[in-house]
Amino acid sequence: MPLQKIRTAAAEAVAAALKSAFDHTGERVALEIPPNRAMGDLAWPGALPLARVLRRSPRQIAEAVAAAAQWPPEITRVEVAGPGFLNLFLDRAGLLQHLLAGEGPDDTGAEGKVVVEHTNINPNKAAHIGHLRNAVLGDILVRCLRHLGHTVEVQNYVDDTGVQVADVVVGILYLPEIELAAAMGLEPGRRDELITRFAERLPGEGVHPASTGDFDDLCWEVYPRVTGAYEDDPNLAARRAEVLRAIESGHGGMDLDEALFSLEKAVVSGAPYPSRAVARLAAAVADANLRCHLATMARLSIGYDLLPHESDILHLGFWDRAFELLREAGAIRLESGGKNAGCWVMSLADSPEFADMDDPDKILVRSNGTVTYTGKDIAYQLWKLGLLRDEDGALHDFGYRPYAHWRRAGPAAPVEYCGRAGNLLARTTNDRSEHLAGYSYGGGSRVYNVIDVRQSYPQKVVREAVRVLGHPEAADSSIHFAYEMVALTPAAVRLIEERTGADFGLTAEDMERPFVEMSGRRGIGVKADEFLDILTVRAREAIEERSEGIIDEDDMAERARTIAVGALRYLMARQSRNRVLAFDFDEALAFEGDTGPYLQYSSVRAAKIFAKLRERLGEGTVEGEEIGDLRGTEIPGDLWELVLSCARRREVTGQAVASLEFSLLAQHAHNLAQLFHKLYHAHPVLREKDPGTRRLRRAVFTLFLGEMRVVLEELMGIPVPEEM
RNA sequence: GCGCCCGUAGCUCAGCUGGAUAGAGCGUCAGACUCCGGAUCUGAAGGCCGCGCGUUCGAAUCGCGCCGGGCGCACCA
9 MPLQKIRTAA
19 AEAVAAALKS
29 AFDHTGERVA
39 LEIPPNRAMG
49 DLAWPGALPL
59 ARVLRRSPRQ
69 IAEAVAAAAQ
79 WPPEITRVEV
89 AGPGFLNLFL
99 DRAGLLQHLL
109 AGEGPDDTGA
119 EGKVVVEHTN
129 INPNKAAHIG
139 HLRNAVLGDI
149 LVRCLRHLGH
159 TVEVQNYVDD
169 TGVQVADVVV
179 GILYLPEIEL
189 AAAMGLEPGR
199 RDELITRFAE
209 RLPGEGVHPA
219 STGDFDDLCW
229 EVYPRVTGAY
239 EDDPNLAARR
249 AEVLRAIESG
259 HGGMDLDEAL
269 FSLEKAVVSG
279 APYPSRAVAR
289 LAAAVADANL
299 RCHLATMARL
309 SIGYDLLPHE
319 SDILHLGFWD
329 RAFELLREAG
339 AIRLESGGKN
349 AGCWVMSLAD
359 SPEFADMDDP
369 DKILVRSNGT
379 VTYTGKDIAY
389 QLWKLGLLRD
399 EDGALHDFGY
409 RPYAHWRRAG
419 PAAPVEYCGR
429 AGNLLARTTN
439 DRSEHLAGYS
449 YGGGSRVYNV
459 IDVRQSYPQK
469 VVREAVRVLG
479 HPEAADSSIH
489 FAYEMVALTP
499 AAVRLIEERT
509 GADFGLTAED
519 MERPFVEMSG
529 RRGIGVKADE
539 FLDILTVRAR
549 EAIEERSEGI
559 IDEDDMAERA
569 RTIAVGALRY
579 LMARQSRNRV
589 LAFDFDEALA
599 FEGDTGPYLQ
609 YSSVRAAKIF
619 AKLRERLGEG
629 TVEGEEIGDL
639 RGTEIPGDLW
649 ELVLSCARRR
659 EVTGQAVASL
669 EFSLLAQHAH
679 NLAQLFHKLY
689 HAHPVLREKD
699 PGTRRLRRAV
709 FTLFLGEMRV
719 VLEELMGIPV
729 PEEM
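Numbering-wise, the first sequence is residues 9 to 732 according to the working numbering.
What the hints contain is simulated information worked out from the structure, not anything from laboratory work.
In this text, a Cβ means the ideal position worked out from N, Cα and C, and glycines have one as well.
Heads up, a few of these hints could be off.
[Unchecked claim] The following label-pair restraints were derived from C-beta to C-beta distances:
1. 645 <-> 549: 35 to 41 Å
2. 692 <-> 564: 40 to 46 Å
3. 43 <-> 549: 36 to 42 Å
4. 347 <-> 443: 41 to 47 Å
5. 429 <-> 692: 44 to 50 Å
6. 679 <-> 253: 33 to 39 Å
Please work from the sequences and hints to get the whole structure.
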């Protein structure tokens with residue numbers, strides 16, 4: 009029986025005993041796992057609070073329950089300890105046998121589809137380490153949900169019509185040539201030439217492996233110069249408005265080459281840029297950055313099912329429909345006077361969460377008639393929940409088209425974008441007649457939005473909108489997975505300035521603070537790909553330091569990659585989500601102690617034991633019929649500790665999902681690795697002469713190895729290398 | 001001003017729905033098998049769990065009030 013079922017059965021036994029011995033019912037009996045095995049494997053502390061109610065000493069109660077209970081057969085011994093704890097001891101060999109035989113699929117999920125939205129990087133520059141926190145947390149959530157038996161749809165939202173994309177376009181079209189050329193790493197030249205050179209940097213079709221100097225890196229350089237230029241040149245703001253208008257009007261399916269040609273022609277002739285060509289350029293910029301982001305995340309084994317595009321939400325009238333629903337429900341009103349005159353606002357005054365606010369109204373439609381981001385997000389959220397319905401009851405839906413196909417060689421292997429086989433990554437389109445046979449999107453019974461904590465207020469507004477539209481259960485199923493931002497330690501900032509020669513213009517006061525916020529606008533940050541590259545180089549050095557022979561280059565590259573990914577993912581997972589992650593290079597590049605490589609190393613070592621065993625003794629992992637031979641084997645305390653910890657995976661995963669705290673999972677993995685490393689020294693396998701003892705050790709290490717593969721690779725996306 | 005988050009060892013952090021001696025890692029100091037990889041392990045030193053009051057048989061954990069730090073409260077996304 010799985011540990012959780014034993015636990016439940018024992019709890020029921022306690023409840024029944026309370027009824028028969030004291031005629032006491034209604035108690036919620038919960039069993040816990042005591043701090044050490046001398047106190048048993050499961051414990052019931054409930055006799056203590058019952059003492060007053062039952063007017064007996066806690067010890068008396070515990071003893072009476074112990075005597076009256078019909079324990080499940082997995083409980084072999086029961087004792088009362090301390091002030092009145094009831095401690096239960098498990099059949100050790102029995103549990104080990106059960107775990108080795110495999111627990112079978114989980115049946116706790118199956119409530120319907122769960123939608124997880126994560127990554128959501130503005131497609132106007134390279135991803136930085138803050139985006140990695142988002143993507144890694146989101147991806148681990150997806151993995152855990154799937155492990156628990158849920159059907160999960162992963163969405164990566166693309167804001168292809170926002171000001172940030174417009175800013176890059178403004179840079180290309182209007183930034184002084186000298187500055188633009190400098191950002192592009194070129195000698196100053198004419199703008200039409202720069203546009204040509206810029207276009208040459210656009211990636212070709214498909215998603216290509218990430219490398220330095222990609223298109224997103226180019227935009228990383230251009231973007232801060234544009235935001236800086238707005239301060240110097242007031243006319244530039246008007247240009248931005250023009251570009252935004254052009255993007256909103258759309259390009260009508262214009263060909264990119266044609267667009268570039270007409271832009272260059274406009275430069276030469278001095279005519280204004282044609283709107284459709286500007287829009288086409290913006291679309292190309294957004295899409296190119298998106299593909300770069302997909303490539304970055306692919307390195308970390310992160311893939312997606314759908315890329316909803318904001319432009320499609322606009323063009324397909326998602327907001328118009330949401331607006332109608334909100335107006336019919338009386339949730340919004342047009343302000344005729346006051347500071348919000350001419351705006352459509354949603355009143356939050358009636359909901360307790362917003363009760364104490366100075367201004368409990370949130371503007372959804374501006375006085376100029378345009379919709380705010382929060383408005384669009386309400387429409388999108390309704391769609392995700394399957395609640396954005398037209399008058400005829402049909403879902404107000406997108407059109408869909410394949411964007412790419414991807415696969416990975418193992419649960420934590422890099423995502424590879426390939427031809428037509430593998431998992432489908434779809435994108436939304438603005439043509440509803442485009443369908444994908446066999447696929448449907450949205451309509452989640454639960455929706456997680458992985459967005460940093462600074463967006464809590466708009467997220468609450470979105471949830472409230474769902475509620476006032478008459479869907480309180482759906483509002484409760486709309487979960488904002490909030491996490492704190494990634495910032496830089498002052499030491500990290502100094503290092504980046506030294507290395508890149510940049511000057512972020514931070515004051516002495518800034519540098520006194522515990523951390524410095526990253527800022528794409530100012531160019532302050534550590535790019536995701538760059539950091540992964542640094543990690544990989546460091547991993548390579550670490551391997552070389554430790555190895556004796558010469559390592560084949562392919563092998564070396566694979567080992568270094570694996571270690572870099574493991575270090576990064578673990579770093580992101582181990583810290584509790586509501587604490588600011590102050591990024592520090594020394595800490596991030598550590599491979600010893602409480603790190604990803606430590607966990608990987610434990611698995612490598614365990615695997616090595618079996619390799620040597622096969623070689624020298626012809627023995628392997630314990631499986632099949634040999635499991636039966638373990639019956640009745642005495643399991644010493646330290647080995648048992650590891651077995652019991654392995655049994656807790658489902659429990660830990662469930663807790664991690666319920667609390668959205670993957671530090672629990674990280675700690676669990678670390679705990680397993682640590683227990684193993686201790687046993688490694690105390691319980692050698694190869695040198696053990698007694699076959700029975702050797703078999704037990706093989707069995708426990710078999711369990712450990714399998715467990716680590718699941719926890720690291722499947723749940724945390726941390727690859728386990730063959731060697732390191 | 002209002003709201004949310006954080007405050008645990010010198011440093012970076014765990015501690016799940018309150019439970020039995022507060023845990024890791026880094027750093028410091030002292031050690032380890034002619035060994036299944038030392039990216040390891042063992043040991044030592046190091047804590048009024050920010051402060052106060054309360055609830056409870058029991059509080060790092062729950063409540064209230066302070067203090068310190070961060071982040072929100074846009075016709076930005």
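**Study point:** Non-conforming hints, listed in increasing numerical order
**Key:** Hint check: 2 and 6 fail, others pass.
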